[in-house]
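Q: Take a look at the letters that make up each chain.
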Amino acid sequence: MSSPVLSIRGLTTEFVTPAGVVKAVNDVSWDLYPGETLGVVGESGSGKSVTAMSILGLVQSPPGRIVAGEILFDGRDLLTMSARVLRQLRGSQIGMIFQDPMTSLNPVLTVGQQIAEALQLHDRGLSREQARARSIELLTMVGVPNPEGRYDQYPHEHSGGMRQRAMIAMAIANDPKVLIADEPTTALDVTIQAQVLDVLRTAQERTDAATILITHDLGLIAEHADRVIVMYGGKVVEVADVLSVFAAPRHPYTLGLMTSLPRLDVELERLDPIPGSPPSLIDLPTGCSFHPRCRVSKGRDVCRTQVPPLYEVGGGQRAACHFSEEVPAEMAVAARAMGTDAGNGAP
Amino acid sequence: MRGTAAHIVRTLLLSLITLFGVSILIFLMLRVLPGDPARVLAGLNASEEQVSRLREQLGLDESLLTQYWGFITGVLQGDLGESARTSRPVTAEIAVRIPATLILAVVATVIGSVVGVAAGVIAAVRRNSFVDHAISSVAMMGVSMPVYWLGLLLILLFAVTLGWLPAAGSAEPLSIVLPATTLAAFSTALISRMTRASMLEVLGQDYIRTAEAKGAPPRTVIIKHGLRNAFIPVLTVISLQFGALLGGAVLTETVFGWPGIGRLLVDSIAARDFAVVQGIVLVYAAAFILLNVIVDVLYVVVDPRIRY
Ligand SMILES: Nc1ncnc2c1ncn2[C@@H]1O[C@H](COP(=O)(O)OP(=O)(O)O)[C@@H](O)[C@H]1O
Ligand SMILES: [Mg+2]
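In order, the protein sequences belong to chains A and B.
240 is the number that the UniProt record's numbering gives to position 240 of the first sequence; each next residue is one higher, with no gaps.
233 is the number that the UniProt record's numbering gives to position 233 of the second sequence; each next residue is one higher, with no gaps.
So that you can see chain B by itself, here it is in the shape it has in the complex (with noise of 0.2 Å):
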């Protein structure tokens, strides 16, 4: 476990280098884009007068070091700077938007590695039935269909034709059931799929015919000896799937109206407002580093084997 811990500070200390990287990268990659910013903000009808003096209230007519320097001294210190069309701090505008994104991603997950786990165990233990066809091709429909098909295709079902279920906003508590359930079906078919092989192949190890021979019953052989192996690259898909859920939750909040983080860096691209934009990249920069090392840990929990 002292192994486990110094890999964690080991791995949090060279991510501080990464994070640094990734500040670079961003700031030069907005700088690069094609569009003024401030004539984006300032808007069609302003003078050419107007747009200068937003360009040196931004600081845009400064070198590109004096910015950089600007900009990570400020992350230094806690403070990612000001969105240039709202004026409020950075870190205000993500914090708000961080709860909505987060507990749809959590949920999402949940729901993603719960069925997924589940359908992909049934379908290893019954494989080539019917009940393995089928979950193979309700998997392979999850895979494939458009996040914003499925979204819309459920918004008519539940909210429009049954009206059972609020179409868009967060303002109910069942308002995330739609949204959840869309952004869920990739990674429950993803994860059922990798269950499903991976129990496959745990079923044919040694060790099962071990329990088997003892007189364990089919739950135990299936879940205790055979679930807990196989689940070691499962766990894998599931911290990958929601990594991706934490930032690729665009289309689902645009489609439900989620006021989650991803429309937030969505319509600051578009508006040019650098500082959001950095700010964004680099607290999910940060939430990734941060999601390995848990993951790193959950690792050494679920297989012996491995230590650091």
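Chain A on its own, in the form it takes in the complex (with noise of 0.2 Å):
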């Protein structure tokens, strides 16, 4: 393989708040490889938005601070680089497609201006004129009708589907290296999203930038992603390429996603959600946060003392888990209780 885009190593990201320090973001590392789509996936809350955020240096401070480890960009730490060089790779190297594409426009400026706007801050010859015209071809690429006249459009003249269509535009405008995706989705009409995703893929396909693509539904990594990372109260609990994952997940929070998601082939109330809320990220259990809800673990005491290493368990797979080697059997009998063969691939 060759050389990763990207490598965050043990980046934790914190938030002081009254209640005490929120360890949004625990000590995480992970990697990404050029012209790979990597998922992240997790609960709502479980950092994806923060690592997101530490990667483009935009962690509000206060009240956040990151406080440990490094995200190595071609090599230079991006934590430690001067906020002018940051501010450089920002929007031309690192494209950032945001959630929520009603409030993630200016609603003062045009749609074309705001995509214009990110090509001349990185491309300072650029003519006004040739903004306009590379900015309408961007929205030609993502598909948006009639780019001319949509252009000189304000934010609450689009459709949400056409806005998250212009939020992309601007995030490949300048070809980035890393672009990343977080929840594209969930803020639109399930009738669009299909088509966005589509979008997002043609964007990402036609740039060969390396995704990130946050979400919190699996559903999603099985079709778009090729390797995913699983996060749970700030931690990475598990590593693996799609297909290892839907075949044999090793991380029992990994397995409770996977049979929380709705199937077209298992009826609704046999859906098997994972028991309990998110853990507390200021006061986290012991041992392996996930233990109070795990139904692996069994009460037995290494859960509760012991915080387990993302452990290598084959063909690239890498779980948080001290007894990942029971995953696979219990997934077994979820699939028997869900009366449907939930081991058997992708959805």
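Because the hints were derived from the structure by calculation, they are not lab data.
The reader is advised that the hints may include incorrect statements.
What the hints assert, rightly or not - Some chain B residues judged to face chain A by a derived CB distance under 10 Å, without partners named:
1) Y207
2) I208
3) A213
4) K214
5) P218
6) V302
Glycine included, each C-beta is placed from N, C-alpha and C at the ideal position.
With the hints as a guide, bring both chains together as one complex.
A: Written out as structure tokens, the structure reads:
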């Protein structure tokens, strides 16, 4: 495998709140390789967005602070470089698509102005006409009909789907090496989610950007990602390529996400959501932070007392579980209970 | 834009009704004021006969309806009547005073807007810093200090002690500095607080994060993406303040001997000079309506979401 475009090592991001220090991202490490789509999945509050904001250097401080780690991009640490140099990378080398297109565009500037700005910020020599022409090209590329007319319209004159297409156009405007999409379809109507994902995929293919696809929806990962990072309580609990993870998840939390996934072949009432609620990031459970909700642990002491490292479990798959070898058997149990062969490949 | 033009025409037509209402109100309010205008005008030593002659001369012995009819038909022909004190046309009395008031209000509003918006933006960007607290404290003083007190303080310092600026009157170009500053103090404070609050809200919006993610430098983020949005509610405050300055400069005009319309109004009320008071109030009402129309148009310019 070629060398990664982005390497995160021991990233720890906290928020100081009146209730205590929130460990939003807790010693996270992973690599992103050129051309791949890396899915980052986990329940709401597991630290996915904060990881993305840490990469861009956009964690609000206060209350946020990055207390440890490095983020290597092209061999340079984003966390220690000057604000100016980082700013030159933002939007040119690293593009970002946010969750809510209704609020992520500036209401008093036209959609076209906002795309043109992304171009002109990183290319001083670009004239207004050139920026306009290029922006219209980008709008065409992301499938916006009547791009010339749309260029001069304001965000409130666009539907959610059109705005998210514009956000994608803005993010890929400078052919970034890394594209981060944080829940790019969560805020959209189900009927247009698939279209927008197609646009994202096309955009990614055109620019050949390595993509980080953040979502709480494992189904999206199955369809769009090559590899997956599973986050729980601010930590990475499983890393695997998509085929392996759907064939045989090795962390009980990943299994829980899979069995709670709505599927065409399973009746809704037989879905099996993970019991309990996400952990408090201020006061994490001792040992493995998933143990209070875990059905594999069965009350064993080691789960309560020892933090499991990310064990190599074979085939490039890694899982932070003391009993990861028991997970496939548990999956068979779950599959029988749901009356389906849950373990057979992607949905 | 055509919608906006139609909106303006509609507003202006409706405002005719408003003006008509205002004319009735001010007419009646003056007549229920205690004190007989003829007696006030005639002076303490006037005989009963002189007073009644004056009353007749002013038309005050006629029925209210007749008096109002005379007033309103005059207004429709652009005639606001004569001042009982000076016997000059009311329109001339007002026209002489308008420039002084207008220039004072404009200069004070410009000072208030520029300084207030700048201070508000700085306070918001450096929130909870020393600068923010300093701006807040000064703004607090600005909204709570009585105008005449601030005016006297400034006169004492800059005119009497330092001798840099004229204390009163409007003879020299520099004369406007002290009254305008005094008048601007309150607006500046108000506008800076509004700007700060509005900026803080805007800087927390998702589109600010988008601008940062694009690689925009802080200045671009704050001005182009932040202030342009934050300015919309501030515009309301500025226009309200300008309206208030047009009408409420009485104290400042008195302290600084500024020959504006505010003093004319106060003097005319004291002298029961009905025609002048009615005229000034009508002109104010018309000016407010005009101001509102201008602000409506400005909204369309600053906020593309607003269409009429
Ligand atoms: N500005 C903030 N102040 C305090 N806590 C925050 C802030 N931003 C995020 N957090 C906390 O960090 C945790 C992770 O959030 P986030 O990364 O947004 O989760 P998600 O995986 O849903 O994207 C959450 O518990 C959230 O409450
Ligand atoms: Mg999130």
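Q: All hints, please: hold or fail.
A: Each hint, compared with the structure:
no.	hint	verdict
1	Y207	4 Å, holds
2	I208	8 Å, holds
3	A213	4 Å, holds
4	K214	4 Å, holds
5	P218	9 Å, holds
6	V302	7 Å, holds
In this structure, every one of the numbered hints holds.
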